[in-house]
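There are 4 protein chains.
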Amino acid sequence: MDITPSAKAKDYLDRLTVFMDEHVYPAEAVYQQQHRDAADNWAIPPIIEELKEKARAAGLWNLFLPDPELGAGLSVLDYAPMAEVTGRSPIAPDVFNCNAPDSGNMETLWLYGTEAQKKAWLEPLLNGHIRSAFLMTEPDVASSDATNIQCEMRRDGDDYVINGRKWWSSGAGDPRCAIFIVMGKTDPAAPVHTQQTMILVPANTPGVKIERYVPVFGYDDAPHGHMEITLKDVRVPASNILLGEGRGFEIAQGRLGPGRIHHCMRSIGMAERALELMCDRLLSREAFGKAIGMHSVWEERIANARVQIEMTRLLCLKAAWMMGAVGNKAAKDEIAMIKIAAPAMATRIIDDAIQAFGGAGMSDDTPLAWMYAMQRSLRLADGPDEVHRRSLARSEFKRASQCLGIDIRSIRQ
Amino acid sequence: MDITPSAKAKDYLDRLTVFMDEHVYPAEAVYQQQHRDAADNWAIPPIIEELKEKARAAGLWNLFLPDPELGAGLSVLDYAPMAEVTGRSPIAPDVFNCNAPDSGNMETLWLYGTEAQKKAWLEPLLNGHIRSAFLMTEPDVASSDATNIQCEMRRDGDDYVINGRKWWSSGAGDPRCAIFIVMGKTDPAAPVHTQQTMILVPANTPGVKIERYVPVFGYDDAPHGHMEITLKDVRVPASNILLGEGRGFEIAQGRLGPGRIHHCMRSIGMAERALELMCDRLLSREAFGKAIGMHSVWEERIANARVQIEMTRLLCLKAAWMMGAVGNKAAKDEIAMIKIAAPAMATRIIDDAIQAFGGAGMSDDTPLAWMYAMQRSLRLADGPDEVHRRSLARSEFKRASQCLGIDIRSIRQ
Amino acid sequence: MDITPSAKAKDYLDRLTVFMDEHVYPAEAVYQQQHRDAADNWAIPPIIEELKEKARAAGLWNLFLPDPELGAGLSVLDYAPMAEVTGRSPIAPDVFNCNAPDSGNMETLWLYGTEAQKKAWLEPLLNGHIRSAFLMTEPDVASSDATNIQCEMRRDGDDYVINGRKWWSSGAGDPRCAIFIVMGKTDPAAPVHTQQTMILVPANTPGVKIERYVPVFGYDDAPHGHMEITLKDVRVPASNILLGEGRGFEIAQGRLGPGRIHHCMRSIGMAERALELMCDRLLSREAFGKAIGMHSVWEERIANARVQIEMTRLLCLKAAWMMGAVGNKAAKDEIAMIKIAAPAMATRIIDDAIQAFGGAGMSDDTPLAWMYAMQRSLRLADGPDEVHRRSLARSEFKRASQCLGIDIRSIRQ
Amino acid sequence: MDITPSAKAKDYLDRLTVFMDEHVYPAEAVYQQQHRDAADNWAIPPIIEELKEKARAAGLWNLFLPDPELGAGLSVLDYAPMAEVTGRSPIAPDVFNCNAPDSGNMETLWLYGTEAQKKAWLEPLLNGHIRSAFLMTEPDVASSDATNIQCEMRRDGDDYVINGRKWWSSGAGDPRCAIFIVMGKTDPAAPVHTQQTMILVPANTPGVKIERYVPVFGYDDAPHGHMEITLKDVRVPASNILLGEGRGFEIAQGRLGPGRIHHCMRSIGMAERALELMCDRLLSREAFGKAIGMHSVWEERIANARVQIEMTRLLCLKAAWMMGAVGNKAAKDEIAMIKIAAPAMATRIIDDAIQAFGGAGMSDDTPLAWMYAMQRSLRLADGPDEVHRRSLARSEFKRASQCLGIDIRSIRQ
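Chains as they are written, first to last, in full-length UniProt numbering: chain A, 1 to 413; chain X, 1 to 413; chain P, 1 to 413; chain B, 1 to 413.
These are calculated hints, taken from the structure and not from any lab test. Careful, some of the hints might be misleading.
Only pairs whose alpha carbons sit at most 25 Å apart, straight line, appear in this in silico PhoX-like list of lysine-lysine [stated by the list, open to error]: (1) P:Lys185 / B:Lys185; (2) A:Lys10 / A:Lys54; (3) P:Lys290 / B:Lys290; (4) P:Lys118 / P:Lys52; (5) X:Lys290 / X:Lys329; (6) X:Lys332 / X:Lys290; (7) X:Lys398 / A:Lys290; (8) X:Lys290 / A:Lys398; (9) P:Lys232 / P:Lys290; (10) A:Lys290 / X:Lys185; (11) A:Lys290 / P:Lys329; (12) P:Lys290 / X:Lys398; (13) X:Lys290 / A:Lys185.
Reference listing, derived: stretches of chain X covered by chain A, where coverage requires no fewer than 3 residues with Cβ under 8 Å from a Cβ of chain A [unchecked claim]: (14) 138-147; (15) 180-189; (16) 259-266; (17) 288-296.
The following residues of chain X were derived to be distant from chain P, with all beta-carbon distances above 10 Å [said to hold, decoys possible]: (18) Gln150; (19) Glu250; (20) Ala336; (21) Arg394.
Glycine residues also receive a C-beta, built at the ideal position from the N, C-alpha and C atoms.
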């Protein structure tokens with residue numbers, strides 16, 4: 001296992017780091033101020049588009065896309081440390097055009113889109129002119145079991161007619177959001193893994209209604225937003241289908257791997273930032289006659305944070321390396337592992353950082369409370385912890401039963 | 001140790017429980033709707049004043065106050081289960097006129113106020129006509145060490161002139177909030193426990209400026225609000241002092257006990273509500289072929305929740321009983337214990353409940369995320385966990401050193 | 001809920017405490033030395049019988065038995081604090097003739113024995129002349145599910161013929177152990193709760209074979225011992241049955257309550273002792289320029305230990321109080337709770353104490369490692385944690401389903 | 001970072017794995033039986049020497065030693081996975097002549113020994129003819145602070161005269177143990193890091209007395225043993241000094257790195273074995289109508305075990321890789337991290353495995369309880385967790401203070 005970044009990746013990473021120092025961190029306060037001052041809470045603060053221009057000019061653009069012409073042509077492993085760096089700042093992923101869910105949507109279009117689909121949607125997304133959303137989770141069923149999905153997609157001539165209710169459609173609150181990838185059932189009678197289909201639905205299609213934003217611990221996350229959306233007799237041409245009817249599950253699988261690496265590496269970036277903030281605070285305030293950090297109760301937290309960050313990063317890099325070495329499917333256990341490990345690690349560290357800051361930690365004087373909410377949501381997004389633990393445990397049991405020479409199906413469940 | 005409620009308390013509790021079922025729980029959604037619909041985010045939803053009228057008419061009013069004429073004349077122990085019940089609903093404490101910080105402020109005025117002070121401020125507070133705030137914590141110093149407080153109170157003729165910056169002044173956002181109790185230093189050169197003084201400052205005194213609300217995670221907690229307030233050359237008559245110059249610490253000590261019981265019992269009420277919601281959800285959704293609750297991973301969480309709630313409640317009731325039996329001072333270790341135990345227990349249970357609900361748990365479709373933020377803040381309010389653990393550990397060491405026959409002061413620190 | 005001890009209990013407790021200080025703690029080292037020096041590892045160190053004489057002379061004898069003539073006539077609640085005190089020393093329970101499993105066996109005989117059975121076995125047990133064992137757990141099945149038990153009891157004329165294999169038969173290694181209460185199946189075809197029967201089997205009955213001691217971690221727990229025992233065509237008269245055929249489960253239920261209180265209170269006593277030892281150590285050694293306890297990392301552990309001990313004790317006392325107030329059956333949830341809470345709490349605290357002592361903590365220079373092993377075993381004895389959590393969670397779900405107005409049996413399991 | 005094993009290492013690892021399957025695992029029960037049957041508890045079961053012959057013949061001998069002639073010539077990184085494999089079986093390290101403390105002692109002699117010292121002690125150690133011990137920890141001081149060491153080494157002519165008391169001298173109980181490396185103070189007045197010296201003391205030198213074995217959770221760990229040893233006027237020639245007077249600390253530093261990698265990788269091997277045993281058990285027993293593993297409460301534990309093992313292994317391999325890439329000194333934080341992470345991870349997993357096995361888990365029917373004791377002891381050996389957390393936290397603070405542009409020495413401690 002060799003996780004040394006390529007020379008090209010090393011160069012990108014160095015330049016990205018410099019760009020963060022010079023342009024992104026100093027812009028965080030500007031962003032906050034512009035957002036606060038805006039008449040419309042859902043408007044994009046102008047600083048974002050300015051930074052995007054700069055990032056693009058600096059060649060720090062679409063770094064996530066493995067395509068060497070459309071993106072930077074980096075492997076998942078090579079891109080991973082850059083995802084970590086962008087995770088350090090709430091505004092960075094947008095600046096470099098590598099924010100979720102757009103990056104995942106772009107990758108999906110790149111992998112599975114027709115030329116026409118690419119022309120219509122991938123191109124403006126890569127240019128950063130539009131944004132996109134991914135409509136999968138539904139409020140009315142336990143999304144932990146993906147077979148529960150109810151959104152109906154009925155063929156009607158050359159069209160599909162879609163009816164359903166989705167929520168946690170992140171980014172759909174963005175005024176620039178123009179296209180949705182929607183997951184639904186085209187054939188509820190089919191075998192469980194071929195019932196579902198992904199289809200492209202322009203945001204302005206009649207019948208699409210954004211009902212509300214769904215807050216996360218009080219945050220509206222404007223102007224990004226996690227939206228609840230109803231689709232009522234929404235009609236799109238059959239040519240909007242991605243890959244083919246009944247192949248939604250297949251795409252979801254293929255899509256998941258890189259997206260999880262990105263998410264988890266950003267979680268690590270956030271944890272590093274929290275640890276950095278925590279150390280600074282502990283050194284700069286005193287209580288009971290010495291710097292707070294010199295009270296050894298904090299040594300335990302700081303040391304555990306460092307250990308946890310290092311271990312989680314290595315696991316993510318291993319998962320990324322495996323995707324390249326043996327493919328996304330063979331790496332599925334490792335991908336489940338980082339999904340379990342990274343947000344849990346980040347929430348613990350951020351929570352300690354909040355404690356170190358006292359009241360300021362819970363307020364918006366630090367990004368910590370928002371980070372906490374964000375990372376806490378990742379223990380539920382893309383399947384709750386319990387589902388990934390179930391899947392991982394079953395892999396272990398399967399391996400164990402093979403060693404024991406028994407058929408796992410003979411075990412009473 | 002007898003923690004059986006008195007007959008009178010039992011009767012109040014029964015009536016309170018019925019009132020909650022009949023009036024309060026059904027009003028939660030109304031409150032939310034009115035708050036959402038209000039032009040002014042900081043206006044009080046009308047349902048509150050309606051419910052207050054009903055509660056007062058039902059004799060469920062100022063139950064927290066031990067005074068038999070002004071309040072219900074109940075002991076801390078007798079009132080504790082009622083605090084728990086009111087903690088179950090975010091709107092309940094206000095309805096029964098027993099919300100923090102008003103209840104603590106009323107008790108302070110009742111115990112330490114002059115007749116004139118009582119007439120001016122206690123009476124309208126008891127009537128529910130005005131609200132109050134308590135200005136202690138400061139943004140610029142580590143509040144974990146109370147001796148760090150910097151707010152200056154300078155004697156000038158018959159007045160005091162106050163300069164300082166306070167935050168986390170909860171309730172100061174309420175349009176009805178008319179009076180502040182302010183903690184500051186009258187004599188920085190005095191021995192450490194007589195430097196500080198509490199003084200009454202009407203909210204509309206010139207020089208008082210509410211700078212902003214401080215959010216808790218993403219919640220503004222409007223119309224209650226946790227405010228940052230500057231005091232610039234604020235002048236109040238010396239007669240506004242509570243108890244006497246340099247006696248602020250003494251009041252703080254006396255005030256703390258009952259307030260902590262109330263807070264902790266409300267935490268328990270919230271935890272019970274969270275457990276109730278969690279069980280309901282686990283029984284009403286299915287995944288992988290059975291109700292989610294029937295997956296035994298949830299048994300551990302449910303069982304631990306029940307165990308933790310029961311234990312924490314007993315500890316709170318013991319602390320309350322001790323306050324009556326041996327006095328607040330002798331109960332100080334027990335009061336530290338519940339301050340450590342109750343919010344930590346509640347956050348853990350609420351976090352599990354969030355996990356049970358998935359996305360809905362983090363949103364405002366359930367009260368869980370708000371409850372989490374609220375309880376998390378209580379691990380910092382009135383001193384962070386670390387300070388209470390320090391104090392408790394030192395009690396243990398003191399006891400141990402006595403058994404060993406050594407003088408604790410001879411231990412190298 | 002009134003958990004104030006009666007005057008009689010208070011008096012016993014005071015005298016017990018004095019006796020512990022004067023006779024028991026100083027004898028611990030003597031016991032260890034005698035045990036080490038003995039030619040036979042399974043011989044009873046003479047100090048034990050000396051102390052028993054003293055305890056009996058002091059009237060501190062059979063305090064656990066509610067019978068006022070045969071025992072002290074104390075309620076479970078009144079006896080509980082005495083169980084705690086005896087739990088502080090590994091040798092104390094034997095000294096006061098209130099050790100498990102004898103106390104439970106005596107209580108069983110007292111409640112369910114015939115006059116002849118009492119004459120033969122209860123009397124010498126109460127006199128401390130013999131010891132007893134309880135043969136329930138079996139090595140070949142998951143004992144977490146009590147219906148799995150396989151030991152066969154076949155009626156043959158006026159006798160029962162018993163075949164089976166038992167283990168963790170604690171106390172059966174004691175040379176004084178003369179009688180076993182054996183649980184087995186008399187009717188495997190009966191409804192699940194009437195299949196099992198308890199029968200008295202003298203230790204010297206032909207066909208009884210003590211195969212070995214089962215170590216707990218590295219401890220043989222000699223001369224007490226947890227034995228593995230085979231019963232091969234063991235024949236006892238039908239008059240040895242307790243209460244009646246098929247009533248084993250019923251006795252097990254009745255027996256469990258008080259025994260669990262005793263066990264859990266002893267766990268608390270052990271935790272207190274560990275905390276005491278830990279504080280002493282932390283004050284008497286220095287590292288990095290101050291007493292180890294003055295490094296604040298220990299404050300967290302000490303404070304949490306105190307909080308956990310207090311809470312667990314209150315829960316145990318509540319469970320004991322409920323047994324008196326509403327009966328063992330109505331107290332079953334509370335009894336499950338303490339079974340989950342007490343050993344888990346004790347292992348955590350003892351583990352911290354071990355850490356405070358360093359190498360000495362794991363050795364036999366302190367009783368800590370043995371305490372750890374002992375308490376760890378209690379997370380498995382009488383049903384593993386998981387079973388009690390399952391039972392408790394199901395109570396919660398039952399209550400929740402009633403509130404929801406649904407029949408719990410309609411939930412898909 | 002490239003942690004791919006070299007082709008040579010891959011070959012060794014494959015052969016080692018086969019050897020384990022064919023010879024070592026099947027011999028575990030033989031070892032236990034021989035040990036149980038031996039008249040002398042401290043005799044070496046004959047199977048060990050037989051296996052050593054086979055291992056040596058197979059070329060699986062002294063694999064740990066980087067010297068290509070005396071050992072296998074593997075880097076720390078290349079050897080690490082082999083250490084893991086040997087950690088899976090309690091008897092394996094001895095079989096391959098790579099057990100602690102011998103491997104560390106051999107490495108010390110190889111690095112710092114004179115030719116005469118090597119001839120006398122390294123040669124027979126490499127041949128597996130003798131064993132050795134490392135005498136550092138002392139019972140009378142807090143060993144968490146290495147400067148506390150008291151053992152006196154006084155120069156007297158051409159000799160040194162040693163007086164002191166040591167304990168936890170592992171392996172000194174082995175009848176083959178012939179040589180001790182002793183750490184003590186030659187110059188208490190010197191600067192703190194040059195006070196101490198390491199010297200070779202043959203086990204049979206007059207004045208050396210093995211006082212007793214120190215048990216670990218009841219285990220005597222015979223015939224290895226952790227001994228308490230007094231040195232009374234023990235006289236050895238000055239030529240027995242390693243490296244030079246006052247250079248004990250320097251050697252300790254150099255020695256620590258590889259040893260910690262070995263220890264931690266063995267911890268991982270043990271954790272893997274525990275997980276394997278746990279899965280087997282969960283699949284082969286039923287409760288409440290299905291295999292125990294199918295109760296989802298176990299999914300959480302199994303999944304967390306897998307995640308923790310993977311992460312810890314990666315961290316250990318990174319630390320090993322760093323030692324090669326940047327040297328032991330620059331890798332000191334990583335080495336501290338694995339010392340904190342690995343035994344803690346292993347104890348958690350083993351504890352869960354014990355729970356899965358019930359009573360069998362605590363007994364000697366499985367190796368789990370012994371593994372637990374062993375891993376628990378590693379949270380104290382070579383410095384308790386607290387010391388490594390302290391050191392790691394201080395590195396973080398140092399880095400943070402540099403970023404803040406402040407001198408860490410200006411922080412009030």
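Status of the hints after comparison with the structure:
1. Taking the CA atoms of Lys185 (chain P) and Lys185 (chain B), the gap is about 68 Å. The hint is violated against a cut of 25 Å.
2. Restraint check for Lys10 (chain A) and Lys54 (chain A): satisfied, since their Cα atoms lie roughly 20 Å apart, inside the 25 Å limit.
3. Taking the CA atoms of Lys290 (chain P) and Lys290 (chain B), the gap is near 56 Å; set against the 25 Å cutoff, the hint is violated.
4. A distance of roughly 22 Å separates the Cα atoms of Lys118 (chain P) and Lys52 (chain P); the hinted pair therefore holds under the 25 Å criterion.
5. With a C-alpha separation of about 53 Å, the suggested pairing of Lys290 (chain X) with Lys329 (chain X) is violated against the 25 Å cut-off.
6. At roughly 48 Å between alpha-carbon atoms, Lys332 (chain X) and Lys290 (chain X) are farther apart than 25 Å, so this suggested pair is violated.
7. For the hint pairing Lys398 (chain X) with Lys290 (chain A), the CA-to-CA distance comes to about 22 Å; that is within 25 Å, so the pair holds.
8. Taking the CA atoms of Lys290 (chain X) and Lys398 (chain A), the gap is about 22 Å. The hint holds against a cut of 25 Å.
9. A C-alpha spacing of about 63 Å is found between Lys232 (chain P) and Lys290 (chain P), which places the hinted pair above 25 Å, so the restraint is violated.
10. Straight-line distance between C-alpha atoms of Lys290 (chain A) and Lys185 (chain X) comes to about 22 Å, which keeps the hinted pair within the 25 Å bound.
11. Only pairs whose Cα atoms come within 25 Å are accepted, and Lys290 (chain A) paired with Lys329 (chain P) is rejected, the gap being roughly 55 Å.
12. Among the hinted pairs, Lys290 (chain P) with Lys398 (chain X) is consistent with the structure: their alpha-carbon atoms are about 16 Å apart, no more than 25 Å.
13. With a C-alpha separation of about 22 Å, the suggested pair Lys290 (chain X) and Lys185 (chain A) falls inside the 25 Å cut-off, and the hint holds.
14. By the rule of at least three residues with a Cβ nearer than 8 Å to a Cβ of chain A, the coverage given for the segment 138-147 of chain X holds, with 6 such residues.
15. Three residues within the 8 Å Cβ limit are the bar, and the segment 180-189 of chain X against chain A gives 0, so the coverage statement is violated.
16. Check result for the segment 259-266 of chain X against chain A: violated, 0 residues qualifying (beta carbon to beta carbon below 8 Å, three or more required).
17. A count of 3 residues in the segment 288-296 of chain X with a Cβ less than 8 Å from any Cβ of chain A is obtained; the coverage claim is therefore met, three being the minimum.
18. A cut-off of 10 Å between C-beta atoms confirms that Gln150 (chain X) is not in contact with chain P; the least separation is 25 Å.
19. Once the 10 Å rule is applied to beta carbons, Glu250 (chain X) is consistent with being away from chain P; the minimum gap is 25 Å.
20. At roughly 8 Å from the closest C-beta of chain P, the C-beta of Ala336 (chain X) falls inside 10 Å, breaking its exclusion from the interface.
21. Residue-level check failed: Arg394 (chain X) sits 8 Å from the nearest beta carbon of chain P, not beyond 10 Å.
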